[in-house]
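The lines below spell out each chain.
Number of protein chains: 2
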Amino acid sequence: MPETKRAVVLLSGGLDSATTLAIAKSEGYECYALSFDYGQRHRFELEAATKVAQANRVEDHITIDIDLRKFGGSALTADIDVPKDRDEETMSAGIPVTYVPARNTVFLSLALGWAEALGAFDLFIGVNAVDYSGYPDCRPEFIEQFTKLANLATKAGVDNSGKFEVHTPLIHLTKAEIINKGISLGVDYGLTHSCYDPSSEGVSCGHCDSCQLRQKGFQEAGSVDPIAYQS
Amino acid sequence: MPETKRAVVLLSGGLDSATTLAIAKSEGYECYALSFDYGQRHRFELEAATKVAQANRVEDHITIDIDLRKFGGSALTADIDVPKDRDEETMSAGIPVTYVPARNTVFLSLALGWAEALGAFDLFIGVNAVDYSGYPDCRPEFIEQFTKLANLATKAGVDNSGKFEVHTPLIHLTKAEIINKGISLGVDYGLTHSCYDPSSEGVSCGHCDSCQLRQKGFQEAGSVDPIAYQS
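Chains as they are written, first to last, in my numbering: chain A, 1099 to 1329; chain B, 1099 to 1329.
Calculated directly from the structure, the hints in this document are not laboratory data.
One or more hints might be untrue.
Copies of the same chain look alike in the list, so a pair counts if it works inside one copy or between any two.
Unchecked claim - Simulated crosslink set (SDA-like; lysine to any residue; CA at most 20 angstroms straight-line):
(1) Lys1149 x Ile1162
(2) Lys1123 x Gln1138
(3) Lys1253 x Tyr1327
(4) Lys1246 x Ala1215
(5) Lys1168 x Gly1217
(6) Lys1253 x Gly1170
(7) Lys1123 x Val1264
(8) Lys1246 x Val1264
(9) Lys1246 x Gln1138
(10) Lys1261 x Gly1192
(11) Lys1149 x Asp1286
(12) Lys1261 x Asp1323
(13) Lys1261 x Glu1239
(14) Lys1123 x Glu1263
(15) Lys1253 x Gly1192
(16) Lys1246 x Ser1259
(17) Lys1253 x Ala1173
(18) Lys1123 x Glu1299
Here chain A stands alone, though its shape is the one from the complex:
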């Protein structure tokens, strides 16, 4: 029997990363989940991440604190309003104010650091280029370039002891396809959190881009979103 391979899976606690973790598990990886407390407005997603990690019985789950509010520059980390009730056309035009400068580069770099310390060569990230709301660091060419960097930045880039791969199983799926894939793998979407601007009790607003994409996804998947929304 081949040795089980370890993978580091970025886990925000949202719908996409929960599905990505389920896919990594279904492919036989021993999963190490990595979350970030980066000063995001929607810190409720971290409680969701913990629940999703437990439900998937990951080998380990680490949350790294890294205060990106010190840089500012995003509606998720600075005092800028989160846009609400935007139509699809507006949502897909340009880069939204919820973009956090270099966020996926930072997150993947840290996943790479943990992977190297663990002896893992597989990273999983739930980026999506279909419903991606114009984030530059969700594009396939970004992922390709990061993979090249990973294979130069590390010991393996010197001694050829292995080759890093960045898995993006959702990158070409619609939200509805992601949800159907997750349901087929038994993902409990009731544990996940997507809203950028929840109430102080953690109830989703239903109107930010993230809530809208989620609700539309469940509709198109012909399925019911199990989480509550503010009325």
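With chain A fixed as given, assemble chain B onto it according to the hints.
Quick look at chain B alone, frame taken from chain A:
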């Protein structure tokens, strides 16, 4: 008169980064210094970073806390002994245990995030490929690849509003050349800290790779190292 350009300069508080900051200033950049409290054994370098930033009258100096001890895998962040009194041949053979997994990738990613929030396109890092002790993330090919990534990962990679450049003014200099360059620019090396394993009062050990490279550099530069060492 052309507008002053902003640069984000990685500042550890060591000899190399202090010289790099002086070079960035001498080239006319408005400097934003970035340091990391990553759980390093030699946290005294952060006090040095603050002094060096003040001496150079930077526009701003941010220290980001990011606990890389959660990953382990390095003598600088885990309970592994720092090697002492190694000869040059041993020092340059292989990757030392003081290598921190993906550290420069993480640091440059965060510098990129701040640069993007500031509207800066220039990053400075004091990596060195001569005395570099075998760290994979100090090689010129790593820097080239990171630059390509930076130009895909960000808004500028979508709207072509600018092009990121990673400046490595020390990359091909010997330690003696770095010191002579710094002296010509007025760097006060008495403010800097290089030791990986200082005493609890912050006095340098004189025996780790970093102390040895520093001492040899001052000798070859025909100059006196102004810092104290344990007797």
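Status of the hints after comparison with the structure:
In the homo-oligomer, the alpha carbons of Lys1149 and Ile1162 lie at most 20 angstroms apart inside one protomer (17 angstroms), although the nearest pairing across protomers, at 28 angstroms, exceeds that limit. With identical chains, the CA atoms of Lys1123 and Gln1138 are never at most 20 angstroms apart, being 27 angstroms at best within one copy and 33 angstroms at best between copies. Taking the shortest alpha-carbon separations for Lys1253 and Tyr1327, neither the intra-copy value of 47 angstroms nor the inter-copy value of 32 angstroms comes in at or below 20 angstroms. In this assembly of identical chains, Lys1246 and Ala1215 lie within 20 angstroms of each other by CA distance solely inside one copy; the values are 19 angstroms within and 25 angstroms between copies.
Only between protomers do Lys1168 and Gly1217 lie at most 20 angstroms apart by alpha-carbon distance; the minimum there is 15 angstroms, versus 32 angstroms within a single protomer. In this assembly of identical chains, the alpha carbons of Lys1253 and Gly1170 lie at most 20 angstroms apart only when taken from different copies (15 angstroms versus 33 angstroms within one copy). In this assembly of identical chains, Lys1123 and Val1264 lie within 20 angstroms of each other by CA distance solely inside one copy; the values are 15 angstroms within and 38 angstroms between copies. Within a single copy, Lys1246 and Val1264 get their C-alpha atoms as close as 10 angstroms, and across copies as close as 17 angstroms, so both meet the 20 angstroms cut-off.
With identical chains, the CA atoms of Lys1246 and Gln1138 are never at most 20 angstroms apart, being 29 angstroms at best within one copy and 28 angstroms at best between copies. For the identical chains of this complex, Lys1261 and Gly1192 are inter-copy neighbours only, at 18 angstroms across copies versus 34 angstroms inside a copy, given an alpha-carbon limit of 20 angstroms. In the homo-oligomer, the alpha carbons of Lys1149 and Asp1286 lie at most 20 angstroms apart inside one protomer (10 angstroms), although the nearest pairing across protomers, at 52 angstroms, exceeds that limit. In the homo-oligomer, the alpha carbons of Lys1261 and Asp1323 never lie at most 20 angstroms apart, since the shortest distance is 38 angstroms inside one protomer and 42 angstroms across protomers.
In the homo-oligomer, the alpha carbons of Lys1261 and Glu1239 lie at most 20 angstroms apart both inside one protomer (18 angstroms) and across protomers (17 angstroms), since each shortest distance falls under that limit. Proximity of Lys1123 and Glu1263 under a CA criterion of 20 angstroms is satisfied intra-copy only: 16 angstroms inside one chain copy versus 39 angstroms between copies. Proximity of Lys1253 to Gly1192 under the C-alpha cut-off of 20 angstroms is restricted to the inter-copy arrangement: shortest distance 9 angstroms between copies versus 38 angstroms within a copy. When the C-alpha separation of Lys1246 and Ser1259 is checked against a cutoff of 20 angstroms, the pair qualifies only within one copy, where the shortest distance is 15 angstroms, while the shortest distance between copies is 24 angstroms.
In this homomeric assembly, Lys1253 and Ala1173 come within 20 angstroms of each other (Cα to Cα) only across copies, at 15 angstroms, whereas the closest approach inside a single copy is 37 angstroms. For the identical chains of this complex, Lys1123 and Glu1299 are neighbours neither inside a copy (31 angstroms) nor across copies (48 angstroms), given an alpha-carbon limit of 20 angstroms.
Going down the numbered hints, you'll see the structure goes against 2, 3, 9, 12 and 18, while the others check out.
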